[in-house]
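All chains should be built: construct the whole structure from the sequences, respecting the hints.
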Amino acid sequence: MNTVARDPVARGRATALVLGVCVLWPLLQIAEFNPAALFAPGNLATLGGFLSTFLPPATEADFLGLLAAATLDTLAIATVGIALAMLIAVPLALLSTRSLSVGRLDGRLRPFSEAVRLFARGLTLVLRGVPELVWALVFVRIFGLGPAAGVAALAITYGGMLAKVYAEILESTDLTPTRALLAAGSGRLGALGYGLLPVASDELVSYTVYRWECAVRASVVMGFVGAGGLGQLMDQSMKMLNGGEACSILIAFLLLVMAADALSAWLRRQVC
Amino acid sequence: MVAQRLPHRGLLISAGVLAAVVAGVWRLDLVAGFAEGAQSLGELLGFLQRFATPDLSQPFLAKVGQGAIETLAISLIGTLLAVVGGVLFALPASGRFGRPAQAAARFCLNLLRSVPELVWATLTVLAAGLGPFAGTLALALHTAGVLGRLYSEALENAPIAPEAALRGAGSGAVAAFLYGTLPAVAPQWVAYGLYRWEMNIRVAAILGFVGAGGLGAQLYYALSLFHEAQAATLIVAMLLLSLAVDAMSGWLRRRLVAA
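Protein sequences, first through last, are from chains D and X.
First residue of the first sequence: 1, per our numbering; consecutive thereafter.
First residue of the second sequence: 1001, per our numbering; consecutive thereafter.
Everything labelled a hint here was simulated from the structure, so no lab data went into it.
Owing to the predicted nature of the structure, the values given are computational and were not obtained by experimental measurement.
C-beta atoms are modelled at their ideal positions from N, C-alpha and C, and glycine is treated no differently.
Do not take every clue at face value.
Said to hold, decoys possible - Per the computed footprint, the stretches of chain D lying under chain X, defined by three or more beta-carbons under 8 angstroms from a beta-carbon of chain X, are: (1) 28–36; (2) 69–78; (3) 262–271.
Here it is in structure tokens:
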């Protein structure tokens, strides 16, 4: 009897480990992974000096006024951005969803409808494929520094995201009433209003509210490229290494995000 | 839940939302803002037109390739660091080392997670200097907060019987965790890590805007200098890179998680 107590998967795991190290090692070099840089005296002094000015947070009256205005701007950018995004998303979703397809009902696919559907899907992919920060940077070139660029960027990216998810929600709900209406000769709009929306509306509203919450965060980040609101203020304070102001802005941001979470949870409870 | 609902809530909420949108448009002076943009509509179209012809010259493509590899490295190393950090925080956050440790770990995780990657990047650029390492750290900090919370939830939901049985049979605490609980949560941990990697490749591509290396640094440069053709190439490269990572992560998920 020659039974060696050996782990049957040991060899595969060892191979995976060696392969992993071989792939990761060059990537570590490319990422300039160097923890020692964190403790270089110059860097430590810069960061330490900056962080030590975080306390106490800035509380001058005129700065707080500026902070409140920027917070309101951020909220407004998120709200208007989502509203415009819905205007973009609803037609795109209706064009790209398969639920309202008559062709799928009788098995004769209409090439024109399929082409429209494909085009709408492609457009959705492009809109949401490019990160909102890139759109914001592009729109800052067009509209100039300020909230208009942020609103436009949010509307485009979130329009694409909402359109995709709306279409998916419309396809994943119970389609029996819609199919029955379409089969009985109802128009597509009637089938949408009386068959599809009554079953899907809760989920649609809930997802939109959730996206609004994400938009609040995103509009802060977009401020860093000059699209107005809290982010722009934070960018300025950080560039001037004004720790007290940066700390106040961070606190305002965290409070805003928490408030947005709470409001969106309350709204979703009201609706669903 | 019904008792909590307002009367006429649909009408009230719709009116509130509409009022908020109108107030937002008024506050941001958007009508004037967009009208200004529309005035320069010809300029806008010309601007977009210059995006239609990406710069495909050989030397520039080589530079983009280098940036793409750098972005890939930032996202992968950042996510791996975050997985390690997430596990280290998740163990106390799931309540294994007592209440005070749990509260402290949860507080740290909340802080790490609430600050967006881009804000972390402005700090890590100060700490580590300009370059991809700062981006890697920024990604790792935010993602560790996200993963730590998900990992601790997975730990709390894992069945306790295997580990308790091993402990009862006289095994040590570490061995009991490794052979009792880890096999139950590992597939979920790996799946969450891969999912965050897919998100992080998109974030890594834009962290360069604040000086943290990768494709984002090149894009920021190209847009600042009005090199629209190069910007278009970079945007396409970002899209392709994130699609490639999606595919790779999907393949890894099927290999590691489903098996």
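Going through the hints against the structure:
1. For the stretch 28–36 of chain D, the stated coverage by chain X holds: 6 residues have a C-beta nearer than 8 angstroms to a C-beta of that chain, and at least 3 were required.
2. Residues of the stretch 69–78 of chain D with a Cβ under 8 angstroms from some Cβ of chain X number 5, which satisfies the need for three, so the listed coverage holds.
3. Under the rule that three or more residues need a Cβ within less than 8 angstroms of chain X, the assignment of the stretch 262–271 of chain D holds, with 4 such residues.
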